[in-house]
Amino acid sequence: NAGVTQTPKFQVLKTGQSMTLQCAQDMNHNSMYWYRQDPGMGLRLIYYSASEGTTDKGEVPNGYNVSRLNKREFSLRLESAAPSQTSVYFCASSEIVTDTQYFGPGTRLTVL
Amino acid sequence: RKEVEQDPGPFNVPEGATVAFNCTYSNSASQSFFWYRQDCRKEPKLLMSVYSSGNEDGRFTAQLNRASQYISLLIRDSKLSDSATYLCVVNPRNQGGKLIFGQGTELSVKP
Chain A
1 NAGVTQTPKF QVLKTGQSMT LQCAQDMNHN SMYWYRQDPG MGLRLIYYSA SEGTTDKGEV
61 PNGYNVSRLN KREFSLRLES AAPSQTSVYF CASSEIVTDT QYFGPGTRLT VL
Chain B
1 RKEVEQDPGP FNVPEGATVA FNCTYSNSAS QSFFWYRQDC RKEPKLLMSV YSSGNEDGRF
61 TAQLNRASQY ISLLIRDSKL SDSATYLCVV NPRNQGGKLI FGQGTELSVK P
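Residue numbers (this note's numbering), protein chains in the order written: chain A, 1 to 112; chain B, 1 to 111.
Calculated from the structure, these hints are not laboratory results.
Any given hint could turn out to be false.
Sample of chain A residues facing chain B (criterion: CB under 7 Å; computed from the structure) [claimed, not checked]:
no.: 1; residue: Pro8
no.: 2; residue: Phe10
no.: 3; residue: Asp38
no.: 4; residue: Pro39
no.: 5; residue: Gly42
no.: 6; residue: Tyr64
no.: 7; residue: Asn65
no.: 8; residue: Thr100
no.: 9; residue: Leu109
From the derived model, a few chain A residues whose C-beta atoms are all more than 12 Å from chain B [unchecked claim]:
no.: 10; residue: Val4
no.: 11; residue: Gln6
no.: 12; residue: Thr7
no.: 13; residue: Gln17
no.: 14; residue: Thr20
no.: 15; residue: Ser31
no.: 16; residue: Leu43
no.: 17; residue: Arg44
no.: 18; residue: Ser67
no.: 19; residue: Glu79
no.: 20; residue: Pro83
no.: 21; residue: Thr98
no.: 22; residue: Asp99
no.: 23; residue: Gly104
Remember, predicted model here, so these are calculated numbers, not experimental data.
C-beta: ideal position from N, C-alpha, C; glycine also.
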C-alpha cells in the first residue's frame, strides 16, 4: 500500500495563477483532510471531507476550494494564488474507529 | 486560549537523558488523544495514542489526566534519532471528527 500520496511535491506559482493539488489514499478511509503548515503556526485545517460527497470548511478556507472526487481522491484548488498562500500543504486521511490520521508527504508551494 | 497548548521549545538534551513534554487542552469533551512526531520538512506520523490508564511503548510513556485536561509524553534514554518535533493532538469529538494539533515542541538530542 502506498498510503497517502500527493502531487506535486514542489510548485512555484506567480501571483494570480491557479493550480490544483492532488491527494489520493489507498486505505479505504472515509475521511480526508487538507492542512497547511507555516513556521510558528502549526498545522491548520483548510477543508475536510467526512465521507465521499461531503466537504466542510476548516479553520482557514478562504482562497481555496476542494473536490472529493471519489472515496480515494480529495483535491485542493487555488483559484488565484497569493503570496500569503506560500506554505507546505499536507493531505491526510483517517479511519473512523481510531481517529488516527495518516499524512501524505506534503506539497511545498511558493507563490511569488 | 489556544485549544491545545504545548511546552515551548526547543529542548536540547544529551543522549541518554530523560525528557518530558506537557500539553494542555481546553475542550473538556475531548475523547481521543495522540502524540505525533514530525521530522524536519516531513509529514507528521503517529507516535502513539494516549489512553486514560496511561500507556507505554518501549522508551515512550504517555499519560492522560482528564481532570486537569493534561497530557504528557516521557522519553527515556534519549537517542540521537529522537530529535524531531513532537505534536500533541486532540480529537474534541464534537467537531465532526477533526483533530486539533498543538504547535509542537522541538527536541534536539546531542551526542
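Hint check results:
The beta carbon of A/Pro8 comes no nearer than 15 Å to any beta carbon in chain B, farther than 7 Å, and the hint placing it at the interface is violated. Nearest Cβ of chain B to the Cβ of A/Phe10: about 11 Å, over the 7 Å cut. The hint is violated. Taking 7 Å as the C-beta contact cut-off toward chain B, the hint placing A/Asp38 at the interface is violated, the least distance being around 11 Å. The interface hint given for A/Pro39 is broken, as the beta carbon of that residue sits about 10 Å from the closest beta carbon of chain B, more than 7 Å.
At a threshold of 7 Å, the smallest CB-CB gap from A/Gly42 to chain B is about 4 Å, leaving the interface hint in force. Given the 7 Å rule on beta carbons, the hint for A/Tyr64 is violated: about 16 Å separates it from the nearest Cβ of chain B. Using the Cβ-Cβ criterion of 7 Å, the hint placing A/Asn65 at the interface with chain B is not satisfied: the shortest such distance is roughly 19 Å. Annotation: A/Thr100 was flagged as interfacial toward chain B, and the flag holds, the nearest CB pair being 5 Å apart, inside 7 Å.
Interface hint status for A/Leu109: violated, as the beta-carbon distance to the closest one in chain B is roughly 14 Å, over 7 Å. At the 12 Å boundary, the C-beta of A/Val4 falls inside the reach of chain B, the nearest C-beta of that chain being 8 Å off. Taking the minimum C-beta to C-beta distance to chain B, about 9 Å, the non-interface status of A/Gln6 is violated against the 12 Å cut. With a closest Cβ-Cβ approach of about 14 Å to chain B, A/Thr7 is found to remain outside the 12 Å limit, as its non-interface label requires.
Interface exclusion of A/Gln17 from chain B stands, the closest Cβ pair being 24 Å apart, more than 12 Å. Every Cβ of chain B is farther than 12 Å from the Cβ of A/Thr20; the closest lies at roughly 20 Å, confirming the non-interface assignment. Annotated as non-interface, A/Ser31 brings its C-beta within 12 Å of a C-beta of chain B; the closest such distance is 6 Å. The beta carbon of A/Leu43 is not kept farther than 12 Å from every beta carbon of chain B, the shortest such distance being approximately 4 Å.
Distance to chain B contradicts A/Arg44 as a non-interface residue, since its nearest Cβ pair spans about 8 Å, not more than 12 Å. No Cβ of chain B comes within 12 Å of the Cβ of A/Ser67; the nearest lies about 19 Å off, and the non-interface call holds. For A/Glu79, the condition that its CB be more than 12 Å from all CB atoms of chain B holds, with the nearest at approximately 24 Å. Residue-level check passed: A/Pro83 sits 20 Å from the nearest beta carbon of chain B, beyond 12 Å.
Distance check for A/Thr98 against chain B: the nearest CB is about 7 Å away, which does not clear 12 Å, and the non-interface claim fails. Distance to chain B contradicts A/Asp99 as a non-interface residue, since its nearest Cβ pair spans about 5 Å, not more than 12 Å. For A/Gly104, the shortest C-beta to C-beta distance to chain B comes to about 6 Å, within the 12 Å cut-off, and the non-interface label is violated.
Of the hints listed earlier, those the structure fails to meet are numbers 1, 2, 3, 4, 6, 7, 9, 10, 11, 15, 16, 17, 21, 22, 23, in rising order.
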